[in-house]
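Chemist: What follows is the residue order along each chain.
Number of protein chains: 2
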Amino acid sequence: MNYSKFIEQYANHPHYKAPTGNQLHAKSWQTEAPLRMLLNNLDADVAEDPSKLVVYGGNGQAARNPEALKKIIECLLKLEDDQSLLVQSGKAVGIIPTHPQAPRVLIANSNLVPEWANWEHFNELKERGLMMYGQMTAGSWIYIGSQGILQGTYETFVACGQKHFQGDLKHKLVVTGGLGGMGGAQPLAATLAGATFLGVDKDPVRIKKRLDTRYIDKMTYSYEEARDWALDAKEKGEAISIGLVGDIGDVLEKLLADNVIPEILTDQTSAHDPINGYVPNGYSLEEADQLRVEDSKTYKAKSLKSMARHVGFMLEMQKRGSITFDYGNNLREFARQGGEANAFDFPGFVPAYIRPLFCEGKGPFRWAALSGDPEDIYTTDQALMEAFPENHHLINWLKQARERVAFQGLPCRICWLGLGERKKAGLIFNELVRTGKVKAPIVIGRDHLDCGSVASPNRETEGMLDGSDAVSDWTLLNLMGNTSGGATWVSFHHGGGVGMGYSQHAGMVVLADGTERAEKCLERVLHIDPAMGVIRHADAGYNLAQEKSDEFGLTL
Amino acid sequence: MNYSKFIEQYANHPHYKAPTGNQLHAKSWQTEAPLRMLLNNLDADVAEDPSKLVVYGGNGQAARNPEALKKIIECLLKLEDDQSLLVQSGKAVGIIPTHPQAPRVLIANSNLVPEWANWEHFNELKERGLMMYGQMTAGSWIYIGSQGILQGTYETFVACGQKHFQGDLKHKLVVTGGLGGMGGAQPLAATLAGATFLGVDKDPVRIKKRLDTRYIDKMTYSYEEARDWALDAKEKGEAISIGLVGDIGDVLEKLLADNVIPEILTDQTSAHDPINGYVPNGYSLEEADQLRVEDSKTYKAKSLKSMARHVGFMLEMQKRGSITFDYGNNLREFARQGGEANAFDFPGFVPAYIRPLFCEGKGPFRWAALSGDPEDIYTTDQALMEAFPENHHLINWLKQARERVAFQGLPCRICWLGLGERKKAGLIFNELVRTGKVKAPIVIGRDHLDCGSVASPNRETEGMLDGSDAVSDWTLLNLMGNTSGGATWVSFHHGGGVGMGYSQHAGMVVLADGTERAEKCLERVLHIDPAMGVIRHADAGYNLAQEKSDEFGLTL
Ligand SMILES: NC(=O)c1ccc[n+]([C@@H]2O[C@H](COP(=O)([O-])OP(=O)(O)OC[C@H]3O[C@@H](n4cnc5c(N)ncnc54)[C@H](O)[C@@H]3O)[C@@H](O)[C@H]2O)c1
Ligand SMILES: NC(=O)c1ccc[n+]([C@@H]2O[C@H](COP(=O)([O-])OP(=O)(O)OC[C@H]3O[C@@H](n4cnc5c(N)ncnc54)[C@H](O)[C@@H]3O)[C@@H](O)[C@H]2O)c1
Numbered sequence: 001m002n003y004s005k006f007i008e009q010y011a012n013h014p015h016y017k018a019p020t021g022n023q024l025h026a027k028s029w030q031t032e033a034p035l036r037m038l039l040n041n042l043d044a045d046v047a048e049d050p051s052k053l054v055v056y057g058g059n060g061q062a063a064r065n066p067e068a069l070k071k072i073i074e075c076l077l078k079l080e081d082d083q084s085l086l087v088q089s090g091k092a093v094g095i096i097p098t099h100p101q102a103p104r105v106l107i108a109n110s111n112l113v114p115e116w117a118n119w120e121h122f123n124e125l126k127e128r129g130l131m132m133y134g135q136m137t138a139g140s141w142i143y144i145g146s147q148g149i150l151q152g153t154y155e156t157f158v159a160c161g162q163k164h165f166q167g168d169l170k171h172k173l174v175v176t177g178g179l180g181g182m183g184g185a186q187p188l189a190a191t192l193a194g195a196t197f198l199g200v201d202k203d204p205v206r207i208k209k210r211l212d213t214r215y216i217d218k219m220t221y222s223y224e225e226a227r228d229w230a231l232d233a234k235e236k237g238e239a240i241s242i243g244l245v246g247d248i249g250d251v252l253e254k255l256l257a258d259n260v261i262p263e264i265l266t267d268q269t270s271a272h273d274p275i276n277g278y279v280p281n282g283y284s285l286e287e288a289d290q291l292r293v294e295d296s297k298t299y300k301a302k303s304l305k306s307m308a309r310h311v312g313f314m315l316e317m318q319k320r321g322s323i324t325f326d327y328g329n330n331l332r333e334f335a336r337q338g339g340e341a342n343a344f345d346f347p348g349f350v351p352a353y354i355r356p357l358f359c360e361g362k363g364p365f366r367w368a369a370l371s372g373d374p375e376d377i378y379t380t381d382q383a384l385m386e387a388f389p390e391n392h393h394l395i396n397w398l399k400q401a402r403e404r405v406a407f408q409g410l411p412c413r414i415c416w417l418g419l420g421e422r423k424k425a426g427l428i429f430n431e432l433v434r435t436g437k438v439k440a441p442i443v444i445g446r447d448h449l450d451c452g453s454v455a456s457p458n459r460e461t462e463g464m465l466d467g468s469d470a471v472s473d474w475t476l477l478n479l480m481g482n483t484s485g486g487a488t489w490v491s492f493h494h495g496g497g498v499g500m501g502y503s504q505h506a507g508m509v510v511l512a513d514g515t516e517r518a519e520k521c522l523e524r525v526l527h528i529d530p531a532m533g534v535i536r537h538a539d540a541g542y543n544l545a546q547e548k549s550d551e552f553g554l555t556l
Numbered sequence: 001m002n003y004s005k006f007i008e009q010y011a012n013h014p015h016y017k018a019p020t021g022n023q024l025h026a027k028s029w030q031t032e033a034p035l036r037m038l039l040n041n042l043d044a045d046v047a048e049d050p051s052k053l054v055v056y057g058g059n060g061q062a063a064r065n066p067e068a069l070k071k072i073i074e075c076l077l078k079l080e081d082d083q084s085l086l087v088q089s090g091k092a093v094g095i096i097p098t099h100p101q102a103p104r105v106l107i108a109n110s111n112l113v114p115e116w117a118n119w120e121h122f123n124e125l126k127e128r129g130l131m132m133y134g135q136m137t138a139g140s141w142i143y144i145g146s147q148g149i150l151q152g153t154y155e156t157f158v159a160c161g162q163k164h165f166q167g168d169l170k171h172k173l174v175v176t177g178g179l180g181g182m183g184g185a186q187p188l189a190a191t192l193a194g195a196t197f198l199g200v201d202k203d204p205v206r207i208k209k210r211l212d213t214r215y216i217d218k219m220t221y222s223y224e225e226a227r228d229w230a231l232d233a234k235e236k237g238e239a240i241s242i243g244l245v246g247d248i249g250d251v252l253e254k255l256l257a258d259n260v261i262p263e264i265l266t267d268q269t270s271a272h273d274p275i276n277g278y279v280p281n282g283y284s285l286e287e288a289d290q291l292r293v294e295d296s297k298t299y300k301a302k303s304l305k306s307m308a309r310h311v312g313f314m315l316e317m318q319k320r321g322s323i324t325f326d327y328g329n330n331l332r333e334f335a336r337q338g339g340e341a342n343a344f345d346f347p348g349f350v351p352a353y354i355r356p357l358f359c360e361g362k363g364p365f366r367w368a369a370l371s372g373d374p375e376d377i378y379t380t381d382q383a384l385m386e387a388f389p390e391n392h393h394l395i396n397w398l399k400q401a402r403e404r405v406a407f408q409g410l411p412c413r414i415c416w417l418g419l420g421e422r423k424k425a426g427l428i429f430n431e432l433v434r435t436g437k438v439k440a441p442i443v444i445g446r447d448h449l450d451c452g453s454v455a456s457p458n459r460e461t462e463g464m465l466d467g468s469d470a471v472s473d474w475t476l477l478n479l480m481g482n483t484s485g486g487a488t489w490v491s492f493h494h495g496g497g498v499g500m501g502y503s504q505h506a507g508m509v510v511l512a513d514g515t516e517r518a519e520k521c522l523e524r525v526l527h528i529d530p531a532m533g534v535i536r537h538a539d540a541g542y543n544l545a546q547e548k549s550d551e552f553g554l555t556l
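Protein chains in written order, with full-length UniProt numbering: chain V, 1 to 556; chain Z, 1 to 556.
If we strip away everything but chain V, and leave its shape as in the complex, we get (with noise of 0.2 Å):
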């Protein structure tokens, strides 16, 4: 298709839409199907702004301004099979000659010289035009809206039960606050996990964006009213979840005074980013608006303060018998600035929770019909039911998935895989290309957030066994390793989740297209990735690792 036609069907600025259908309009299925995946990204559905290009998480953009997301569009639309696009932070800048095996995009974003990491400097270049802010999977054109976020969370809270409630959490209260595009998946992942749930937000928008989608059930903005409902529904042992509106402080204070301790407590507040995420308590949306802008220093300084209260509120939950964690915002430690000396006395989830799927490859394997039709998924949710018998927990996930998530934008899935399986899954996909059972291909990625991908050290890597948590050697090798391999797209970004200076952290997006070739590259890059996880955590001295690294013959 002619590119002025093009944009004017799928990218008609601020109205973004995949394509759909196996009707090409890029010269093959590589270079359609990152096109596909960055409208997607974009489309009303699955992105919080796309006024802004923002897909999630406060600030992370698909691309860095309407021009040179255009121009990305105009590259893939002619790219070919032996050339690679360039994209730093979100602009399309060189296409350099390759080959069908390597990647067809190459990103970086975000990324900055140690000393100079950090917001400051970040925001001076991104007002000058310079840079974007990547996030994980917003810059690397692979967010799939709250599914993404909700599985993990759905592990987490489904963990943090077995860990601490013998694997039930009915008649047990998850609080928490910040229910935005990652936050969003916390009521629904808490009801499937069978707690009850209040979660806070400063912004109704947000939470009537949950309603829609059904992620939430009820949403009030009386505190008395939520409070009293969560009160009945934990009694009664029902799983459902309620939306306040208000200062996540406000409402712990407000608990504490009335004595209401929740059984889990954790936070998804956009805490990683203090001066365009957070809102000062006290602040109305539109007052931390205008602050922002005229005096970005006082926002941060009172940023940092309120969530510092906020901590101490649910250090104080925690003495009083909440099972408390952070949840990958980095709370703790602009708390910590903020003046909260015991920041971090409660744990990140991975420590906690995730690690020991992280030693075995486990992570957050996803995948997309570019199609467009539920159908595809459908598909793919049946052959792995088949193809993984043995694995309730998983067929679990996938029925309720299938019965309970709404699609946004592109139909897709995710579940966690380790090592080996995602191999298995991702042969098993193209197969179902190659056979004509999927309308089109399908793309298969993950979250940067993933065992062998990111180096967080208040997160993914927090008190690594070694000590290692800083070192980001593994996340590079992660990055080299999935190029040689040949996925189809690769990133590499620095901030995250957690912000500037604190993570940097890897992608990749491989293609099943039915193809021989699809096939050796899916075969390779499907055991790299994982494996890389499985090396760094055998390296860092985990048993269970050291264990899946002889069993996968990866110990050298």
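Hints are computed from structural coordinates only; laboratory data are not their basis. Glycine included, C-beta positions come from ideal geometry on N, C-alpha and C. Among the hints, a few may not be true.
[To be verified] Now the in silico label distances, taken between C-beta atoms and shown as ranges:
#: 1; chain 1: V; residue 1: K297; chain 2: Z; residue 2: P347; range: 25 to 35 Å
#: 2; chain 1: Z; residue 1: K297; chain 2: V; residue 2: V293; range: 38 to 48 Å
#: 3; chain 1: Z; residue 1: D345; chain 2: V; residue 2: K208; range: 23 to 33 Å
[What the hints assert, rightly or not] Derived coverage of chain Z by chain V (criterion: at least 3 residues anywhere in the stretch with Cβ under 8 Å from a Cβ of chain V; other residues may be distant):
#: 4; stretch: 24-35
#: 5; stretch: 95-105
#: 6; stretch: 463-476
#: 7; stretch: 496-507
Place chain Z with the ligands on chain V using the hints.
Modeler: The following block gives chain Z with the ligands in isolation, referenced to the frame of chain V:
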């Protein structure tokens, strides 16, 4: 060859030697090449301290420790052409399935998440055996001895002469500190450029090494003698070089007192590492060694203070007329930290002299003859002179190099070539191998200090036109590009010449083994690599780069 026999013959710690000749030890030249270059990096004729696996730059290592080195060798001996070896800070950590057009070795050294990217944390990890410092070409196995920096230093002095002294350095005095692995190239570079040279190093062993390799002409322990020699030679217009044992700060102080003001003043002490590199004023080498171990905090404080003093004298000389520049060791930054507020009043050498070259994709193209036969290098010299008959500067350099540069380890050559030229040269070399005009394959690499491969705001990317000095997306795209193009080994490092926190950079080496596969890889990689430099500088707004970009069809 059998592993233990190989170790005995070539890697009997601390005696290392690259195999020579055209007999394979590994399974193909694709793996024999990194094997030979790794061992060559550690050859006593090349490395500063093989017993510590230190190649250059004070602490730049080729492998983490002797066992790790052996394991790398073992892996390279058995690696297949559809496998790649993963090296994490000098230790082999895995082998992954890839394909023949992918790199055989993937290397990540010294990378840390920005918030933890400092010497303190690095040294802690190093002590626990988890990391090593890769410098630029030490940990990426393409250091080629002093010749590597010689050409760059020569280009710099020549460019400085052209800018400030009508292209003539006769009757001009160059003064500098540090005659170590890299700094030792300064005396020969200066005299090749026609100047009189006085270099100061605390360590007589280092100066003697330069005498042995004919990089320096004379040596003394007496300030007065050195001063008189220098003044005499300068007056007579003699291009001779003098090495003086002493503290550079003390010597500058005395020169100022005697009103001896050099025309050109720079420095290459190992300032980038205030603990393991720079020797504080007033300390003997032995005293420094002791303090370093016993109380590294005090050592660092003294180091910073000494650098402040040292730079204070440089600023005074600048005021009195010396053309003064930082030669890439981050001296200004540490002097600033040590209390010299005006440290950045003299420029770095890149914005002053090198950036225009970078805009044309010019950089330190280097190659080594794996045969070990100097004749092979002379053959390549000759081929280049024939290929670029109009490039008098290049021809002059190649002739002088042949006459005056002693080979260290495997014979090799370096010259600065630009976009287009590098690919041309690479294909010529592959043809020389294919037709048997040279006796074994040739590897082509470069320093990480190149036009498109480094982000280093105090050195290579200082003062970029658009202020993007600290943006390291470019460096990562360079890595991904060269990996996708099919370099034979690739690397990503943090720190390098300016130390922890201050730079990120990518390396690549590509093999000319005379095959068609190599031809394709060379054609791609030797285009991609310098093209990234042109693209990066064009994007930053440099006209010269934008013209190049248009000329080579790189503009999107
Ligand atoms: N654990 C994980 O796996 C994971 C993954 C990705 C992102 N994250 C992090 O989780 C956080 C949330 O991500 P998101 O995409 O939902 O961000 P988002 O910006 O879409 O949503 C954040 C929400 O927090 C609300 N909020 C801000 N301050 C508040 C306050 N004081 N009281 C109540 N509500 C407040 C905002 O109104 C907004 O709705 C981010 O920090 C993100 O980096 C975690
Ligand atoms: N400009 C470039 O292109 C470039 C390239 C690579 C490295 N470097 C940097 O240049 C510096 C030198 O590198 P190298 O490989 O020669 O390091 P090196 O450690 O081999 O040599 C440094 C020398 O400085 C001497 N020295 C230290 N303190 C001194 C003092 N107070 N007075 C006199 N001499 C002193 C040491 O005795 C040693 O011989 C490093 O900081 C390195 O990172 C620059």
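Chemist: Hints first: check each against the structure and report whether it holds.
Modeler: Hints versus structure:
no. : hint                             : verdict
1   : K297(V) with P347(Z): 25 to 35 Å : holds, 31 Å
2   : K297(Z) with V293(V): 38 to 48 Å : holds, 43 Å
3   : D345(Z) with K208(V): 23 to 33 Å : violated, 58 Å
4   : 24-35                            : violated (count 0)
5   : 95-105                           : holds (count 8)
6   : 463-476                          : holds (count 11)
7   : 496-507                          : holds (count 5)
Of the numbered hints given earlier, the model fails hints 3 and 4; all others are met.
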